[in-house]
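Asks: Using the sequences provided together with the hints, build the complete structure.
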Amino acid sequence: MSTPFYVSPQQAMADRAEYARKGIARGRSLVVLQYADGIVFVGENPSRALHKFSEIYDRIGFAAAGKYNEYENLRIGGVRYADLRGYTYDRDDVTARGLANVYAQTLGTIFSSAAEKPYEVELVVAEVGAEPEGDQIYRLPHDGSIVDEHGSVAVGGNAEQISTFLDQRHRDGMSLAEALKLAVQALSRDPNGSEREIPAERLEVAVLDRTRPQQRKFKRIVGRQLARLLEADAAASTPTDAPSDAEDGDAADTPAATSDPKGATETTDSGGDVE
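If you count by this note's numbering, then the sequence shown holds residues 20 to 294, one letter each, in order.
The hints are simulated quantities; they were obtained by calculation from the structure and are not laboratory data.
All clues stand as given, with none of them false.
Label-pair distances were calculated between CB atoms; the ranges are:
| id | residue 1 | residue 2 | range |
| --- | --- | --- | --- |
| 1 | Gly148 | Gln29 | 36 to 46 Å |
| 2 | Ser131 | Arg247 | 43 to 53 Å |
| 3 | Arg40 | Val121 | 17 to 27 Å |
| 4 | Glu250 | Asp109 | 39 to 49 Å |
Just so you know, these numbers come straight off a predicted model, no measurement behind them.
Note that beta-carbon positions come from the ideal geometry of N, C-alpha and C, so glycine has one too.
Replies: What follows is the structure, given as structure tokens:
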């Protein structure tokens, strides 16, 4: 009878962490930035139907890098949690911190379980406050830990280099046009330091805009509205709530709980199963 192969717990956890990090790094990067009137989400995404950014609840947005089917399951679970808590208690009781704790428990349990592989995802949960001081941004790596971020955060792909770039250039009180330009500059940088051009049609952009009169603050920026912002000077003001010509079905006035993409298929960035 052969002796079972022994792997120390430390080595097993290190291998699982390395597996998850490599999977996340194969995906495209995305950034989340605070600006004067809210929080902006920017990422390179050639798909017009499968989104990296979504609304969870009134003031809460969700961003993810990694394997689409895994973070989509987490997104749907977050929508259900938020709807149930808001219905049972009060809409103000649904917070980004509470949602981040739920995601952390789920990711941590999966990561430490030897019966299943770790999720190849990295999440960002953001909530816009009535004032900039009330904004909250939480980053959740694959192992379920929670990092409270301020100002800017990058996940997926070349996140470390992008984060350094943003930390050096991001400042409080930026306009939406300034924040968007900074985000695109950061995403355009290759690991070797060179820059490439990302056309507007390959960008996915959304905002949590505290100035919106509606209760729900999430809004996608698409079409001519996005093009105007990319071409605007540094003093450009934030956009109005008038819908653009290319506004899609996941706009802010569409109920979040009805966005369950039951028929969506898994897509890849370069032929694999990581977005």
